[in-house]
Each structure stands twice: as structure tokens, then as C-alpha cells.
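Asker: What follows is each chain in one-letter form.
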Amino acid sequence: MTRRELLGLFAGAALGPAAPPPAAPVALARVAGYDSGLEDAFARLFDQLGGLGRLVKGKTVTIKLNLTGSPALRFEGRPLGATHYVHPRVVGAVVRAIGQAGARRIRLVESCWATGGPMEEFLLDSGWPVRALANAAPGVEFENTNNRGRWRRYARLKVAPRAWIYPAYDLNAAYEETDVFVSLAKLKNHETCGVTLSLKNCFGITPASVYGDDAGRDEPNENPTKGRADVFHFGKRPPSRSAPQELDPASRRDPGYRVPRITAELVAARPVHLAVIDGIQTVTGGEGPWIRGLKFVEPGLLIAGLNPVCTDAVAMAVMGYDPQADRGVSPFRTCDNTLKLAEALGVGATDLRRIEVRGLAIEQARFPFPT
Amino acid sequence: MLLALIVAAASAWVPARWSSTDPRSLELLANHPVNCLLLERVSRDFVAAAGEQRFAVLRVVRAGEDPGAVLKEAAEAGVAGLVLEGAFAEDVAARLRTAARQANWTLVELPPRARLRLNTDAPIVGTCEGLWPGIRALEGDAARAAPTGGPWVETNTGFLRYVRACTDAVVWIANQPPAGASLPVHRYLHAIADAAIAGARWVVSLDADLNRRLHARDPKALAAWTRIGAHLKFYEEHPEWWRWKPAGRLALIQDESSGALLSGGILDMIAVKHAPVRPVPRVRLSVEALQGARLAVNVDPSSLTDADKEALRVFTRSGGTLLSGPPDWKFPAPQEGRITLDEKDVERLNDIWREVNSLLGRRNLGARLFNVSGMVSNLLAGSDGTQILLHLANFTDYPAENITVHVAASCSAARLLAPEEVPRALAPYPIEEGVAVEIERIATSAALLLDCKP
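Sequences listed follow chains U and D, in order. Numbering of the first sequence is given in my numbering, commencing with residue 23 and proceeding in unit increments. Numbering of the second sequence is given in my numbering, commencing with residue 367 and proceeding in unit increments.
By construction, these hints were calculated from the structure, which means they are not laboratory data. A quick note: this is a predicted structure, and the numbers were derived from the prediction, not measured. Each hint should be verified, as a subset may be incorrect.
Said to hold, decoys possible - Quick list of in silico lysine-lysine cross-link-like pairs, DSS-like style, CA-CA up to 25 Å: (1) D:Lys675 / D:Lys611; (2) D:Lys710 / U:Lys248; (3) U:Lys248 / D:Lys639; (4) U:Lys180 / U:Lys81; (5) D:Lys611 / D:Lys819; (6) D:Lys599 / D:Lys611.
To be verified - So the derived label-pair ranges between C-beta atoms look like this: (7) D:Val653 / U:Asn157: 54 to 60 Å; (8) U:Lys79 / D:Trp518: 47 to 53 Å; (9) D:Asp584 / U:Asp344: 32 to 38 Å; (10) U:Asn157 / D:Glu721: 38 to 44 Å; (11) D:Arg704 / U:Arg314: 49 to 55 Å; (12) D:Thr592 / U:Gly75: 58 to 64 Å; (13) U:Gly161 / D:Pro605: 50 to 56 Å; (14) D:His604 / U:Arg239: 34 to 40 Å; (15) D:Arg483 / U:Glu98: 41 to 47 Å; (16) U:Arg355 / D:Pro796: 51 to 57 Å.
Just so it is clear, CB atoms sit at the ideal spot from N, CA and C, and this is done for glycine as well.
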């Protein structure tokens with residue numbers, strides 16, 4: 023983002039004196055694998071963040087999972103959770119921890135790739151132990167947010183303080199009907215956005231019924247079968263007319279401009295209370311097997327924080343990147359920096375000097391990703 | 367004559383192409399299920415040695431060979447039969463059929479699919495044309511640019527299931543490895559399963575490199591041959607399965623003129639979606655043939671007779687849902703050398719596929735399978751309805767893990783049978799539509815056997 027754009031963003035916004043974006047602690051832990059030690063590791067991480075009880079007790083907690091692309095696409099035949107999906111055992115451990123901390127309801131959500139069918143079936147197609155997850159804590163629910171789902175209407179969440187692409191987004195109401203929102207993401211690169219972390223994970227809260235390539239022209243298509251590239255990445259077509267339209271249809275159609283901004287807007291519209299990043303096993307070089315040059319790696323890390331920008335900033339530092347890098351600098355060679363855009367919207371701070379890192383130090387956790 | 371009596375009946379032949387006439391090569395068949403050898407040249411010594419070990423030897427005849435010379439060679443060697451492989455002039459084929467009948471030889475005809483003879487009383491029908499089963503490799507950036515659906519499986523199962531529905535004869539498919547290929551053993555296991563789960567036998571055919579190494583007794587080649595034998599044996603040890611009928615509640619009415627002899631058509635598309643489907647050849651369409659079906663897809667409505675239409679009327683009046691293909695829509699007639707759809711046909715197929723896909727939705731038409739990308743399946747039912755069998759073949763290069771099956775039946779017990787593995791008891795648990803079964807791992811192929819209430 024240029025200085026001119028940054029100034030333009032805040033021009034006219036009734037912000038009063040510029041307040042620094044919030045900063046919150048981030049905790050790091052080393053975990054050898056998915057077979058054991060997850061519960062202990064999360065207990066430590068959440069304790070280091072001040073405990074989950076004050077955040078979730080008696081609340082409805084919605085956890086956005088990172089399940090990128092079709093479950094039919096594997097990398098080197100490995101389980102999805104070992105490469106580009108968040109691992110189901112990580113999900114199970116987080117659900118148990120939140121359940122033990124007294125959550126009233128835990129809703130696992132994702133806008134499942136190219137389907138409006140039940141999330142449970144998408145998870146079964148991913149080889150996930152759905153029954154075990156459902157029993158990991160009281161009140162576990164699953165919701166595919168790729169369409170309106172069980173709700174009578176879409177929730178319209180406004181972007182504040184000001185937006186670049188869309189002023190508001192129509193989402194499955196699960197994102198509104200919740201007390202606590204968790205982004206449970208994977209530590210990996212992203213072809214369009216440089217990194218996929220807790221912020222970029224939130225790009226997937228948008229329903230393809232409204233924003234998909236086969237979304238209805240006037241009304242949402244409740245049986246979506248495609249992704250969102252035409253609407254979001256390239257701006258080739260508008261979302262369903264029922265939803266808020268683009269602020270400036272003449273703006274740049276470059277995915278490296280649009281997707282980071284849309285992501286930042288979504289996080290501003292739907293604040294994240296807890297960010298968790300699975301970096302135990304993952305891939306480098308892209309977000310999924312459809313990207314050339316992917317490589318399986320085992321950083322052996324879990325990262326958690328109470329602010330998604332801060333959490334991603336620490337995660338980027340662990341990956342060997344500068345979280346404040348500008349466009350043109352790896353990993354943002356062809357895109358704008360989502361973290362800085364979110365920071366500009368007041369979501370959180372990217373300055374590592376303002377972020378307290380607990381548990382493992384960044385230097386101890388460092389696992390360089392490709393530059 | 368004596369030889370014909372001591373070797374296994376033709377219906378029990380487990381065929382393999384064989385390159386050697388050295389009687390010592392028969393050592394390779396010790397404790398191996400292959401019992402029928404297809405040779406390009408035969409000798410009396412070899413056939414006699416094979417006969418002593420109860421192996422049948424068949425002389426492969428190709429178009430262009432001198433029929434008189436072939437018959438003389440075969441008679442002198444004392445073979446059990448002839449295999450006519452490829453496209454023959456009708457007068458040559460007739461001469462060979464007559465000679466085989468007079469010599470009391472079994473005649474196996476393996477023509478191109480376009481010349482397939484389904485209306486014969488031959489014990490074995492088959493073809494020399496087939497796809498080499500496996501995952502179609504993605505090429506180019508376009509195929510990799512987006513997080514789209516799963517890999518496409520190259521399979522002969524749709525074609526074979528149609529042929530099985532047309533005939534009570536044993537079905538052989540004699541597809542050979544891609545020319546010049548040196549294949550890992552699991553690609554042969556795929557070929558075995560691709561045929562066997564559809565109730566057919568693949569004529570075992572090794573690539574030149576493996577064949578050479580096998581006959582040279584190379585330890586790795588011998589190990590591969592043992593694995594091939596174990597997979598053949600797995601299916602041969604359950605002859606009852608060959609008689610079981612498709613259990614899907616979706617009927618696909620098709621015939622040769624509406625794409626049934628092609629691979630990659632509507633039957634394969636449905637199979638890749640793992641919707642249990644029963645092919646109903648149009649000539650066998652009847653009220654009985656549609657018994658138990660809930661949905662029927664009629665690919666070519668223009669070909670229906672009045673009796674066919676009446677059978678479909680009865681089906682819809684009793685609550686069945688019928689989807690008919692577009693009235694002006696026809697597949698091209700099968701052509702020699704072409705067994706898959708061309709681009710134009712695929713576009714046409716997409717028209718009906720969209721409708722079929724929408725009709726199928728999330729319905730359970732016998733079984734719904736999850737996490738089975740890169741696999742092929744076939745749902746069968748025993749004659750008394752107390753057992754259901756789900757064949758599963760994994761065509762990926764890796765073991766398939768964490769598969770879930772939702773069966774639309776009330777089943778009390780489940781066992782997973784797999785080649786080279788001990789049977790595993792699985793615990794079905796109730797779900798809304800029947801029972802669910804979780805399968806931890808399938809290396810190459812398996813059969814899920816369920817005990818159910820009829």
C-alpha cells in the first residue's frame with residue numbers, strides 16, 4: 023500500500039486522534055508431531071495468553087478452519103492435514119481446550135470448497151474423524167458457510183472504519199451469531215497473498231453462493247459449485263446484487279491488489295478474538311497442491327495469539343519474513359501486504375517491537391520459508 | 367480331448383500372456399492362480415508339460431496370419447483353444463470358428479470393442495481394447511491453476527459392467543501396458559482390480575522389462591509376480607462374488623449405440639462419483655430389471671420400443687424418477703481404435719451429466735462413500751439379500767486412509783477383506799440412512815462385506 027492510499031483510507035473517517043493499532047501477546051510452542059503432546063502444548067499456549075476461560079466461558083465460540091481447495095487434491099499422497107489443511111488433531115485439541123474452558127457451544131465453520139452440502143460430509147471426504155470431533159467437547163456443531171445454511175438470512179457485516187473494495191459483506195449468519203471468533207489457520211505461503219496465516223484464513227468466510235463464480239446474478243445461488251476467483255481475485259463480475267457492490271468498479275483488477283484488501287476488510291468486519299496457527303507439518307511455496315513448486319516441511323510449531331495481525335506478524339518472522347515488508351519484497355513480490363492493510367484498518371499491530379512473544383522466542387522457533 | 371478334460375473348465379481360466387515355450391518357465395506358475403497361458407507360438411513339448419500341470423495353453427491368432435498354418439501348429443501342439451485377437455475378416459474368423467468347433471477347442475474372441483460379440487454362446491467374451499487403469503496425469507499450468515476437483519481415473523469398469531449386464535459369459539479384457547513402459551507392480555494390481563471389481567478377468571500382460579526379468583528369475587520381478595498372484599487369488603477365491611448383482615438403486619439404460627462400449631462415458635462418470643449404479647442394457651429393459659431402483663437414467667429415449675416405454679411407465683408409476691437424455695442426442699457408433707469420447711462428445715455428455723449430477727445430489731442409492739478420490743468402487747448384493755459387497759480399488763500411488771461408507775441398509779456386521787492382508791472385522795454404527803462403516807486403510811484394493819437384514 024502506498025502512502026497516498028494509506029492517507030486516502032483515513033481521509034474523511036471520523037477517527038479522531040490517530041490511535042496506535044492494538045497489540046496483544048503471541049505464544050509459540052514446539053511440538054514434534056500430531057500424535058502426542060498437543061493437549062499439553064495448547065494448555066501451555068493458552069495459559070501464556072492469560073487463559074481461555076475469560077474468553078469463552080458460557081459463550082458461543084465459532085472456529086473458522088483452514089480447509090483450502092478440494093479434499094480430493096492431495097500433495098504427494100499425504101493426508102490433507104499434513105500439508106495444506108489445518109490438521110484434524112489440532113482442531114480436536116483446540117475444541118477440547120475450549121470445551122474444558124467452559125464454552126457453551128463450539129461451532130466449526132468453513133466455506134467448503136465448491137459445495138453447499140453439509141460440512142460433516144466435506145470433512146468425511148477429507149478423511150477427518152467427524153464423530154471424534156463432535157464428541158471432543160459438549161455442544162460441538164458443524165456449519166458449511168458457503169451458503170446461507172440453516173439461517174433465515176445472510177448477516178451483513180460492515181467494514182470499518184473505511185473500505186477499499188466492498189463496504190460490507192453478506193456472510194452466513196454463523197459469523198454474526200457468535201460471541202467469540204477463532205481463526206484456526208495453517209502456516210504456509212500463498213500464491214496471491216504471500217502468506218496464508220490467520221488473516222488470510224478469513225478470506226474463506228465468504229459464501230460462494232454470493233461471491234462465487236456461479237453466484238446468482240440477482241440472488242444468491244444456494245448450491246454453489248465453484249470458487250470465488252471471478253468476483254474476488256479478478257473482479258470480472260459482481261457478487262449477487264442482493265449483496266453490497268464494489269465501491270469502485272474501475273479500481274485495479276489485479277488479484278495482488280484485491281485479495282489482500284478484501285481479506286483485511288473481512289477481518290475488520292468480523293474481528294478475530296483468538297488466532298491459532300498450525301505449523302507442525304505444512305507446505306512451503308503455496309497454499310495447495312495446485313501450485314507448482316510445493317514442498318512438504320515440518321517446522322514443528324504452534325502459534326497462538328489474541329490479535330490476528332500480531333499473531334501473523336510473529337508467524338511471518340518465524341518464517342524468516344519481515345511482517346512490514348512492502349510490495350515487491352518477498353513474500354509480497356506481486357501483492358500488497360495483508361498485515362499492513364489490516365493494520366491500517368486498526369485491526370492490529372505489525373511492529374514486532376510492540377508484540378510480546380511468550381513461550382519460545384522467535385529466534386528459537388525460526389523456520390525459514392522460501393524467499 | 368483328454369487334455370481338455372484335465373485342465374480347468376474355460377470359465378475358471380485365469381489367463382496370462384506368456385512369452386516362453388520353455389517348459390521350465392512353468393515353474394513360475396507354482397502356487398500361482400494363473401492357469402491359462404496365451405502364446406503367440408506353441409510347441410508340443412510345452413503344451414504337454416503345461417497339461418501335466420493342469421495349465422491350459424491357447425494359441426493367439428492375429429489377423430494377417432495364415433489360418434492354415436496356425437491351425438496346423440495348434441493341432442500338432444495339442445492346445446486347448448485359440449484366441450482370436452484383433453479385427454479379423456469375417457471369412458477368416460468363420461473358418462477359425464469352424465476349425466475350433468471341429469477340434470473341440472475353446473475359441474476366445476478378443477476383438478476391438480466396436481466388434482464385440484455379445485450375442486454368442488461362447489463361454490468367454492472379451493476385447494483386446496482397454497484403457498490402462500490409473501490416475502490421469504495432469505499436464506500444463508491450466509490443469510493446475512486452481513483448487514478444483516479430484517483426479518480423473520482411467521478405468522474400464524463402466525464398459526465391463528455394461529458387458530457383464532449383457533451376457534452370462536465370463537468376460538476377459540486383454541488391455542496391455544503402454545508401449546515401452548516399465549511399470550511399478552502396483553499398476554498391475556490396479557489392472558487386476560479394475561477388471562475384477564466389475565466381474566471380469568484381466569488377461570495378465572507384463573511390460574517387456576518385467577517379463578524379461580521375471581523369466582530371468584530376477585528377485586524383484588519374482589516378488590512382483592508373487593504380488594500379482596496374490597491379487598488374482600484374492601478375487602478368484604470368491605467365485606460367488608462373480609454371480610452377485612449390482613445393488614445400486616440408480617439404473618442406467620444404455621446400449622451400444624448410446625455409448626455403452628466407450629470408456630469415460632456416463633457410466634464411468636457416475637462411477638467416479640461413487641454412486642452405485644446398475645447398467646441395464648436396453649434390450650434387457652423390463653419391469654424386473656428395474657426392480658429396487660429409485661432413479662433411472664435413459665440415455666437414448668429415441669431407441670425405446672413400446673415394451674421399453676411400458677416398463678418405464680410402470681417404473682415411474684410406482685414412484686421411480688426417470689431422467690431422459692436429450693431427444694436429439696446420440697453418441698457416435700463405436701469405431702475401431704477408439705474407445706473413449708472425443709472432446710465434442712464430452713461436451714454433449716456434460717449436458718446430460720449436469721442433469722444426472724443434480725438428480726443424484728446427496729441421495730444414498732445404496733452406499734455413499736467419503737474420502738475415495740482416486741478410487742473406483744462397485745456395490746453388489748448377494749442373491750438372498752443378506753449380504754452386501756462393496757468393492758474398492760485404490761488407483762493412487764499411496765494407501766487410501768480414513769474412508770467412510772454410509773450404507774443404506776440395516777447391517778449388523780462388517781468385514782474388510784483385502785489381498786495380502788488378514789480379514790478385519792469392522793463395527794458398523796447406526797446413522798439416519800442405515801449404517802456407517804469406517805475403514806482405516808486400503809493399500810491397493812479391498813472388499814467390504816456386510817451382513818444385512820434382507
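Asker: Are the hints correct? Go through all of them and say.
Answerer: Each hint tested on the structure:
{"no.": "1", "hint": "D:Lys675 / D:Lys611", "result": "holds, 24 Å"}
{"no.": "2", "hint": "D:Lys710 / U:Lys248", "result": "holds, 23 Å"}
{"no.": "3", "hint": "U:Lys248 / D:Lys639", "result": "holds, 17 Å"}
{"no.": "4", "hint": "U:Lys180 / U:Lys81", "result": "holds, 23 Å"}
{"no.": "5", "hint": "D:Lys611 / D:Lys819", "result": "holds, 17 Å"}
{"no.": "6", "hint": "D:Lys599 / D:Lys611", "result": "holds, 21 Å"}
{"no.": "7", "hint": "D:Val653 / U:Asn157: 54 to 60 Å", "result": "violated, 47 Å"}
{"no.": "8", "hint": "U:Lys79 / D:Trp518: 47 to 53 Å", "result": "holds, 49 Å"}
{"no.": "9", "hint": "D:Asp584 / U:Asp344: 32 to 38 Å", "result": "violated, 56 Å"}
{"no.": "10", "hint": "U:Asn157 / D:Glu721: 38 to 44 Å", "result": "holds, 39 Å"}
{"no.": "11", "hint": "D:Arg704 / U:Arg314: 49 to 55 Å", "result": "violated, 33 Å"}
{"no.": "12", "hint": "D:Thr592 / U:Gly75: 58 to 64 Å", "result": "holds, 60 Å"}
{"no.": "13", "hint": "U:Gly161 / D:Pro605: 50 to 56 Å", "result": "holds, 52 Å"}
{"no.": "14", "hint": "D:His604 / U:Arg239: 34 to 40 Å", "result": "violated, 54 Å"}
{"no.": "15", "hint": "D:Arg483 / U:Glu98: 41 to 47 Å", "result": "holds, 45 Å"}
{"no.": "16", "hint": "U:Arg355 / D:Pro796: 51 to 57 Å", "result": "holds, 53 Å"}
When the structure is compared with the earlier hints, violations turn up for hints 7, 9, 11 and 14 and for no others.
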